[in-house]
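Trainee: Going line by line, the protein sequences match chains A and B. Residues in the first sequence are numbered consecutively from 1, following my numbering. Residues in the second sequence are numbered consecutively from 1001, following my numbering.
Read the hints as simulated data drawn from the structure, not as lab findings. A quick note: this is a predicted structure, and the numbers were derived from the prediction, not measured. It is possible that part of the hints are untrue.
Result set (DSSO-like, lysine-lysine): computed pairs, CA atoms no more than 27 Å apart in a straight line [said to hold, decoys possible]:
1) A:K42 with A:K2
2) A:K110 with B:K1041
3) B:K1066 with B:K1041
4) B:K1014 with A:K42
5) B:K1055 with A:K98
6) B:K1064 with A:K2
7) A:K42 with B:K1064
8) B:K1041 with B:K1014
9) A:K98 with B:K1014
10) A:K42 with B:K1066
11) B:K1014 with A:K2
12) A:K110 with B:K1066
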Amino acid sequence: QKEVEQNSGPLSVPEGAIASLNCTYSDRGSQSFFWYRQYSGKSPELIMFIYSNGDKEDGRFTAQLNKASQYVSLLIRDSQPSDSATYLCAVNRRWAGKSTFGDGTTLTVKP
Amino acid sequence: GAVVSQHPSRVICKSGTSVKIECRSLDFQATTMFWYRQFPKQSLMLMATSNEGSKATYEQGVEKDKFLINHASLTLSTLTVTSAHPEDSSFYICSASLLAERSYEQYFGPGTRLTVT
């Protein structure tokens, strides 16, 4: 079992829809959770982080965390074709310098 | 935000030669940096963890004599691919750990595309 699991996709949504990306993790000591976006041919870019249970909103993005279920998700509202990318989930133990990454979910937003 | 640079962005070299890639944290000090490799349409693969002033920790299966890592300062880590071969052609990405208010956060450089002919 991988430490961080994501559906590889591809996930396809129409423009304007809500895209829901999911991630589960196995280390119950994980305390910090991150979402990265990686466009094809580019390096990952940090777009969201969340530390506490519940929701955290930033513009069209909402990160949701449920530590009891060891589950973190990213919702993208009003999806745009420019959101088409691979989204990586990462977790760490907060004061551990290294995050563990999932393999990513590829999202395609169709015009 | 935290900025990490890499140089060069793209390099083509001949088989048997060595290539050095630099990774710099521009606006913060990073005691820990990481080197990843990514083949087309595949996931990130962590190669090694680089700590300032000490030897790098390599992931299983990564040849330490082939991929030399030096982290001489809090803002600079280098990866040298020695005696490169065509199978070393890949996208190499570094990242640096920023000690933020509530956690360490990893920020990535733009990557270096290596082609070995």
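Trainee: Tell me the hint numbers this structure goes against, listed in increasing order.
Mentor: 9, 11 and 12
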